[in-house]
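Could you put together the complete structure from these sequences and hints?
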Amino acid sequence: MEPIIGEMSAPADAVKDGDTASFAADVIEASREVPVIVDFWAPWCGPCKTLGPTIEKAVKSSGGQVKLVKINVDENQQLAQQLRVQSIPAVFAFKDGQPVDGFVGAQPESQINAFIQRLTGDAGPSPIEKAVEQGNAALAAGDTNTAADIFGQILRADGENAAAVAGLCLCLIESGDLEDARAMLDGLEGKLATDPAVQSARAALDLADQSAGAGDAGEMTEFRTRLETDGNDHEARMELSKALLAAGNREEAVDELLELIRRDRAWNDEAARKQLLTLFEAFGQMDELTVSARRRLSSILFS
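Each residue of the sequence shown is one higher than the one before, starting from 1 at the first, in the working numbering.
Treat the hints as calculated values from the structure; they're not laboratory data.
Hints may be right or wrong, so weigh each one.
To be verified - Think about it this way: if two alpha-carbon atoms lie no more than 27 Å apart in a straight line, the pair counts; the simulated DSS-like pairs of lysine-lysine are:
| no. | residue 1 | residue 2 |
| --- | --- | --- |
| 1 | 16 | 95 |
| 2 | 95 | 130 |
| 3 | 274 | 191 |
| 4 | 49 | 16 |
| 5 | 95 | 57 |
| 6 | 95 | 49 |
| 7 | 130 | 16 |
| 8 | 57 | 16 |
| 9 | 57 | 130 |
| 10 | 49 | 130 |
| 11 | 57 | 274 |
| 12 | 70 | 16 |
| 13 | 70 | 95 |
| 14 | 57 | 70 |
| 15 | 70 | 49 |
Said to hold, decoys possible - Pairwise CB distance ranges, derived in the manner of DEER restraints:
| no. | residue 1 | residue 2 | range |
| --- | --- | --- | --- |
| 16 | 17 | 294 | 33 to 43 Å |
| 17 | 160 | 137 | 16 to 26 Å |
| 18 | 22 | 199 | 43 to 53 Å |
| 19 | 103 | 22 | 51 to 61 Å |
Owing to the predicted nature of the structure, the values given are computational and were not obtained by experimental measurement.
Glycine residues also receive a C-beta, built at the ideal position from the N, C-alpha and C atoms.
In structure tokens, the structure reads:
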């Protein structure tokens, strides 16, 4: 598919080298269209070598919302003096032909992104955020190949994007590659491993593992028959819920768990409540079924 994010969708002139002669056109005039960041640097400057690639990546990933002009102070000393550059790296932001922001010294990537966000203001979702939305939409529509391609592009541009990690994991789960999904999740560390989106994907994987061993239609009928004989056959109700979930009947699966909790919330070390919380995690906390089921669960627990 066509590239949709990051450097791959940045305009050809998103990053360029500038000088005194081109400053008016490249910075002053260009900033009337989109904000322009000017990076004063020098080949001998250590911090410049750190900042340069970081700011280039951020600018290219903005998808044309900002531009970057790099100016070598050794070759453009008069221009540096005019802008009162006293130490480098020195970064200025121009908008509507005027300097509006800036900083001196190397900055972490998070600060660079915040700097660009201030310049773009209410420009809307970033290209990566839009790509995440597209990937989730493709996944919801059952197009796992397209979704996986989109999430892969995102991770090539931003390897720490939790939403894309979770999305790619869900693609693996939908494709039946549970071992690869487990290996992917088990290899995560730090904040990425504990991100809510990643935790939701882990819960979905746990449910997929359960579903792989869930009963077929015949066993589902058996569980229903057992419940007709004895409504307090809690094991049959739990297995029926798992089978319903494996068949894609989310609401019925939740209903059975809530009924089990209503009848005996302490059964098997509160297994039904724990299973229900796993479902909530996998569905997403803002999912309509999660929200309604939480209300019903509270009513049962506090009645």
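Taking the hints in turn, this is what the structure says about them:
1. A C-alpha spacing of about 17 Å is found between residue 16 and residue 95, which places the hinted pair at or below 27 Å, so the restraint holds.
2. Straight-line distance between C-alpha atoms of residue 95 and residue 130 comes to about 25 Å, which keeps the hinted pair within the 27 Å bound.
3. Taking the CA atoms of residue 274 and residue 191, the gap is near 24 Å; set against the 27 Å cutoff, the hint holds.
4. Straight-line distance between C-alpha atoms of residue 49 and residue 16 comes to about 16 Å, which keeps the hinted pair within the 27 Å bound.
5. In summary, the hint linking residue 95 to residue 57 is supported, as the alpha carbons are separated by about 20 Å, within the 27 Å threshold.
6. The suggested pairing of residue 95 with residue 49 holds, with an alpha-carbon distance near 26 Å, which does not exceed 27 Å.
7. A threshold of 27 Å between alpha carbons decides the hint, and for residue 130 with residue 16 the separation of about 26 Å falls inside it, so the pair holds.
8. At roughly 13 Å between alpha-carbon atoms, residue 57 and residue 16 fall within 27 Å of each other, so this suggested pair holds.
9. Restraint check for residue 57 and residue 130: the C-alpha separation of about 18 Å stays at or below 27 Å, so the hint holds.
10. For the hint pairing residue 49 with residue 130, the CA-to-CA distance comes to about 30 Å; that exceeds 27 Å, so the pair is violated.
11. For the given pair, residue 57 sits about 43 Å from residue 274 by alpha-carbon distance, which is inconsistent with the 27 Å threshold.
12. A threshold of 27 Å between alpha carbons decides the hint, and for residue 70 with residue 16 the separation of about 6 Å falls inside it, so the pair holds.
13. Proximity of residue 70 to residue 95 is assessed by CA-CA distance (about 16 Å); at most 27 Å being required, the pair is judged to hold.
14. Of the pairs offered as hints, the one joining residue 57 and residue 70 holds, with about 13 Å between alpha carbons and a cut-off of 27 Å not exceeded.
15. Between the alpha carbons of residue 70 and residue 49 the distance comes to roughly 12 Å, so the proposed pair stays at or under 27 Å and holds.
16. Under the hint 33 to 43 Å, the C-beta atoms of residue 17 and residue 294, about 56 Å apart, miss the expected range.
17. Between residue 160 and residue 137 the Cβ separation comes to about 22 Å, which falls inside the hinted range of 16 to 26 Å.
18. Checked against the hint of 43 to 53 Å, the pair residue 22 and residue 199 passes, with Cβ atoms roughly 50 Å apart.
19. Checking the proposed 51 to 61 Å range against residue 103 and residue 22 shows it is violated: the Cβ atoms sit about 23 Å from each other.
In the structure shown, a violation is registered for the earlier hints numbered 10, 11, 16 and 19, in ascending order.
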